[in-house]
Amino acid sequence: MSKQSITTAKATAIKRILAFVYDLFLIIPLMMLAALIWLPFNNGVAIEPGNPLYPFMISTTAILTPILFYTYFWYKGGQTLGMRSWKLRIVNLSGTPLSSKQSATRAVLLILSLTLIAVGFNTAFALNFTVQAIIPLGLALISLFGMCQTFTKRRTSLVDLLTQTRIVQLPKVEKSKK
Numbered sequence: 187m188s189k190q191s192i193t194t195a196k197a198t199a200i201k202r203i204l205a206f207v208y209d210l211f212l213i214i215p216l217m218m219l220a221a222l223i224w225l226p227f228n229n230g231v232a233i234e235p236g237n238p239l240y241p242f243m244i245s246t247t248a249i250l251t252p253i254l255f256y257t258y259f260w261y262k263g264g265q266t267l268g269m270r271s272w273k274l275r276i277v278n279l280s281g282t283p284l285s286s287k288q289s290a291t292r293a294v295l296l297i298l299s300l301t302l303i304a305v306g307f308n309t310a311f312a313l314n315f316t317v318q319a320i321i322p323l324g325l326a327l328i329s330l331f332g333m334c335q336t337f338t339k340r341r342t343s344l345v346d347l348l349t350q351t352r353i354v355q356l357p358k359v360e361k362s363k364k
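For the working numbering, count along the sequence shown from 1 and bump the result up by 186.
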């Protein structure tokens, strides 16, 4: 597979979303396993809101686990399993694999964007979309727009621009006849 074919192919937004949904089927069980690690610290009992360990458990399960997941897969091969299913790969603007710094930065920006979207819409919903909900709803919409592909010829998102990476569509591999 040539470097030119990888750097010129464009990944569509729908394939990026579908790959993310596939990845959720792996991330959610990993988050459950990460939550199990905290049980011995609470005498084998589930940690509920109000428990002093709750913020630490939430931060490791909901934030750190997906960041480590994406950083590992993007650095190792430029693809998560969901991306592999849809024949997508993350590369530098030059078409080379991501560095560890780019992988980690991209993962942190992705999880930060998702967190802002979730918190923003949740807060706006709790405030019944009144005037007080303008700021959280605005942050959520800005984060959502930043994750979406901008209307450029390169089909890049804000995360792509900040990390100088892009998601590309890999060419179809023709099966050889035996």
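Don't take each hint at face value.
With a straight-line Cα cutoff of 30 Å, these simulated DSS-like cross-link-like pairs (lysine-lysine) come out [said to hold, decoys possible]:
id: 1; residue 1: K273; residue 2: K287
id: 2; residue 1: K262; residue 2: K358
id: 3; residue 1: K287; residue 2: K361
id: 4; residue 1: K273; residue 2: K262
id: 5; residue 1: K358; residue 2: K196
id: 6; residue 1: K287; residue 2: K196
id: 7; residue 1: K262; residue 2: K196
id: 8; residue 1: K273; residue 2: K358
id: 9; residue 1: K201; residue 2: K273
id: 10; residue 1: K361; residue 2: K262
id: 11; residue 1: K201; residue 2: K262
id: 12; residue 1: K361; residue 2: K273
id: 13; residue 1: K201; residue 2: K358
id: 14; residue 1: K201; residue 2: K287
id: 15; residue 1: K201; residue 2: K361
id: 16; residue 1: K262; residue 2: K287
id: 17; residue 1: K361; residue 2: K196
Have a look at the derived ranges for each label pair, beta carbon to beta carbon [unchecked claim]:
id: 18; residue 1: I244; residue 2: S286; range: 45 to 53 Å
id: 19; residue 1: L219; residue 2: N308; range: 21 to 29 Å
id: 20; residue 1: I200; residue 2: L222; range: 14 to 22 Å
id: 21; residue 1: L330; residue 2: L279; range: 33 to 41 Å
Simulated from the structure, these hints should not be mistaken for laboratory data.
Backbone N, C-alpha and C fix where the C-beta goes; we use that ideal spot for every residue, glycine too.
A quick look at each hint next to the structure:
1. K273 with K287: It holds: about 23 Å lies between the C-alpha atoms, which stays within 30 Å.
2. K262 with K358: Distance ~22 Å between K262 and K358 Cα, so the pair holds.
3. K287 with K361: Violated, at roughly 36 Å.
4. K273 with K262: 16 Å, holds
5. K358 with K196: Holds. K358 to K196 sits at ~13 Å (cutoff 30 Å).
6. K287 with K196: OK: K287 and K196 at ~24 Å, within 30 Å.
7. K262 with K196: 22 Å, holds
8. K273 with K358: 8 Å, holds
9. K201 with K273: Between K201 and K273 the Cα gap is close to 9 Å, so the pair holds against 30 Å.
10. K361 with K262: With a Cα-Cα distance of about 26 Å, the restraint between K361 and K262 holds, given a limit of 30 Å.
11. K201 with K262: The hint holds at about 21 Å.
12. K361 with K273: Roughly 15 Å between the alpha carbons, so the hint for K361 and K273 holds.
13. K201 with K358: 14 Å, holds
14. K201 with K287: Given pair K201, K287 holds - Cα atoms ~25 Å apart, limit 30 Å.
15. K201 with K361: 22 Å, holds
16. K262 with K287: Judged against 30 Å, a Cα distance of about 12 Å means the pair holds.
17. K361 with K196: At roughly 22 Å apart (the allowed maximum being 30 Å), K196 and K361 satisfy the hint.
18. I244 with S286: 45 to 53 Å: The hint (45 to 53 Å, Cβ to Cβ) is violated, given that I244 and S286 are roughly 26 Å apart.
19. L219 with N308: 21 to 29 Å: With Cβ atoms ~25 Å apart, the hint holds.
20. I200 with L222: 14 to 22 Å: Because 34 Å falls outside the window, the suggested range is violated.
21. L330 with L279: 33 to 41 Å: With Cβ atoms ~24 Å apart, the hint is violated.
Hint violations for this structure: numbers 3, 18, 20, 21, all remaining hints satisfied.
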